[in-house]
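Colleague: Using the hints, put the two chains back together into the complex; each one sits in its own frame.
Protein chains in written order, with UniProt numbering: chain R, 1 to 305; chain H, 1 to 273.
These are calculated hints, taken from the structure and not from any lab test. This structure is a prediction, so every number in the text was calculated from the model and none was measured. A portion of the hints provided could be inaccurate.
Stretch-level coverage of chain R by chain H, calculated; a stretch enters the list once three of its residues show a Cβ under 8 Å from a Cβ in chain H [what the hints assert, rightly or not]:
no.	stretch
1	30-36
2	43-53
3	83-93
4	117-124
5	129-142
6	266-276
7	289-298
The following residues of chain R were derived to be distant from chain H, with all beta-carbon distances above 12 Å [said to hold, decoys possible]:
no.	residue
8	L22
9	E56
10	M101
11	L301
Below 20 Å or equal to it, Euclidean Cα-Cα: the simulated SDA-like pairs (lysine to any residue) are [what the hints assert, rightly or not]:
no.	chain 1	residue 1	chain 2	residue 2
12	H	K264	R	P203
13	H	K72	H	I84
14	H	K260	R	T198
15	H	K264	R	H114
16	H	K264	R	L120
17	H	K260	R	H114
18	H	K260	R	R116
19	H	K260	R	P228
Yeah, the Cβ is synthetic: ideal placement off N, Cα and C, and Gly gets one too.
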Amino acid sequence: MTSAPTHTRGQPRPGGGFSSWLDRNIRWVFPLPTLIVLFALTILPLVFNLILSTQERSVSDALPSSFVGLGNFTQAFSDPRFWNATWLMMKFTLIAVPAQMLLGLGLAVLLNRHMRAQGLVRAAVLLPMISTPVAVALIWALMMDPNLGVLNYFLQTLGLERSLWLADPALVIPALALVDVWQWTPLVALILLAGLQTMPDDPFEAARIDGASSWQAFRYITWPLLQPALFAALTIRLIDALKTFDIIEVMTQGGPGSASETLNVYAYHTGFEFLRVGYTAALLTLLLVVVAAVAIGVNLLRRRV
Amino acid sequence: MKARASARSSLVPNLLLLLAIVVLLFPFVWMIMMSLKSQVQNTAAVPVWVFTPTWENYRNVIERNNFLQYTKNSMIVALAATMIGMVLGLPAAYSIARFKQRGLSLWILISRIIPYITFLLPLFLLFTRLRLVGSFTALIVSHLIITLPLIVWITIAFFEDIPTDLEEAALVDGSSRAGAFVRIILPLVTPGVVTAGILAMIFSWNQFLFSLILGGPNTKTVPVAVFNFLSYGSQDYGAIAAAAVLITLPIILLSLTVQKYIVKGLTAGGVKG
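With the rest of the complex left out, here is chain H (with noise of 0.2 Å):
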């Protein structure tokens, strides 16, 4: 359906849509200034608007609360989990894709309705036994839960749109199928397995319940740790301010690096974390 508006007509849908851009990025603004200012400045009566920027708040964060450790803590799990569902997620998918198989879709479908938490306790149970609490193993396992799911079924579609001819011409020249796999098909998915990986990588990184459970004082993961931070009665404005900044700009970078394909991830996924 083609919008056809003339110029005149799309002054009130134009107006509409600002209102609601304003109040969408609103909160990031805020964030950002309330990461800026000093501490006089947020608990002031009437919010200011104006002010010298100071990095304070930053410099707060970063040193007072091993932040860089707990940044490097999310990488690896994210990284890793990520990593982990791609050699078992692609081929996977492609062959759901190929061969029409819908067995997958139902654990895939399972894993998207119960709530984490249910998984959550017997792993739990599981790791404590093991002694893995604390581990990145554990973390890293349990993230699984989110990205491969994410990953089989964001990657299904883009297989799909790949004509059968290419692998075929590859398998009459003698190429086996797992070979075809690797050298023609995986090259034109890359941007169905970019979209992937990056989205699992930020379902990863904004997951709290596992990390929050699971990870040890040196596995700890910058949402736990901001937490943490926080429920320690922290008064701190701008440092609140200024950790949620240094979580969510990892994330907004690496999402602008895959924007032309992400909504396409996010509708075909449709999963949160």
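Bound-form chain R, shown alone (with noise of 0.2 Å):
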């Protein structure tokens, strides 16, 4: 790099010698410092992380900590709550996910239409994912409150039977998905939207002419090309699904007892509660296996399709 940038080499511009030297390094002057940010808060971490979980150590310096190795591995495939809180983690995803995806094609179908009174439907979709999570998870918490929460007001109204939800260690998970899919079902449908809305129309004519019905049409036509948008969206949400953590910690704080500790908020709670760095480094390296497993496999899926 030329620090004074006071004589020109090559053919002389006007605005002098760094200007120069800057047109023709732009390609990497202008992202390089986003490069070196990124690597910074991103790489350098993530690395930090590794080391992290092979030591036994207290986020205090005052105690030693010491190399052990895969010792926080093993211990955490031995560690029952290692492997609770990784199948609530599963089994929050799996319930959460198909559903706000199958919800999510509906919604698409349904705004993939002309209609009066855009704005609001705008709004009312757009709402929900960009709302505070923190502000979401109490808003839904004092609705299933066993006693006073509305939903149970709801489900008598209708002649069900009240439920604890929260307070239920069976329905615990199933409630905080119906929150997830409350809350991302919206997302699903507008990129769904996206994908239906830049279809050609031809597909479509040629169809009709033949006399097929909307199923089939809907089924040979539709469903094929909406693929991309289908798995753009399917990757999105098993990602977030599998890292959720605001929502889970404020709702419950992975109560009661540990019927909705999930991965991350287990990890968490190692962490920042009980302050086992090495350990809680070890965890989140097993998330982090867990969640580039799913995303990878979501993408070998896509080219098989």
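Modeller: Spelled out as structure tokens, the structure:
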């Protein structure tokens, strides 16, 4: 890098040396600051986290840290709370994501029409996903209150049994998944709507002339053309559902007992309540492996289809 | 694909859509109603639907809980993280769009896939060592993990839409590339910049985990303040609802201003806090 931009090399340009130097090197000068910052904020911490996962150490520097190799990992594999947390993370994802994909597809089809009150519809669809997760968690916790919550009032009005919602160990994960479905079905719908709106008209015209039913048109034209959007939505939602933290921590803090303690929440508790840094780093590494495996898996599936 | 539905056949879809909208909006309506009811009305066995609104809950939250201070903290962090994200990210996004550089996408992907808490644990240890935990610096730097990839990701699409002739004309007229970027290109992507900026601010505002761990008494952000207020065993339902309304209100107002572009931004980035 030339530090004194006083003399120019090559063909001179108005604006002087630094300006022409910048012109020639703009291709990497422009992205460089972002690369450096993202490297420092993502890659370095990631490497540091891997190193931490091989250590037995506490947040406090007063206690000595020691190298334990894969000890934290073998400890995790024999930790029932780790397996419980992994299972709950999967359960939450397997309930929430298929439901929001299905409902999102339905909502996208409903939205893919000319209609009045576009503004209201758009606002209604946007609000859940831009809302602060903590606020979402608070309001749903109030609505799911076993005694005073309005959801139990609705259940009763419909002639159904009242539910304990978050207080019931068997129901807490489905209840939390319901909040996730409410918040993120709109995103799935928007991604699929974008896919629907960029579809060409010709195949549908041809199908209509050939006398295809609307189900056949959907099954043989819309569905295949919608695959890229479906996989984009599925990837985003799978990754994010596995990582869900705010909603769960605010609504249940992993409880009752450890009935909603997903891996993310368990790692948070071991790390920032019990300050077991090395073990937490190992848990996070395992979480990362799962998320990465799912992301790669969905992409392999996309290529197959 | 254009919709071609006759008035009669659209009755069922319209009803279904109406149902979906009611379900999506009900929690907000209920939250606002609870925030305007008295404690007695909020704890009634049968929900009270008609009532005289009271501002008592808002007064309680704002006066008793230092809410305005926390709002100010949140705004400082969101604004700073967004501004720095813009200064760093816009040239990067332009470069990626213009020179087809895909190297950066790798990092954006990484920041998208990896659970935030994985970055947070090392950052927490580092900031502890540097005695920065509780400072605005720690919060703003950590929030760059959210704002910077989001801004780059969203604006790439907008930069790609700008025809190259315009800047080439400027270069022929003797402008430098950086000059053309600032004077010609940036003004043309204003909608993209505004969309990215507002989404970055929203996601920074919504961020809970970084602020929870790295914030201190003087830098506490609104989501954390409200969480603490709740976990101290508050049974004051109206106040909780009022707090939820007060967190949500600024981002609703903000998002309404870019409503036209926000769908493009959200689906391009597909990023959540």
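Colleague: Quick one: which hint numbers does this structure break? Sort them smallest to largest.
Modeller: Violated hints (numbers, rising): 3, 8, 12, 19; every other hint is consistent with the structure.
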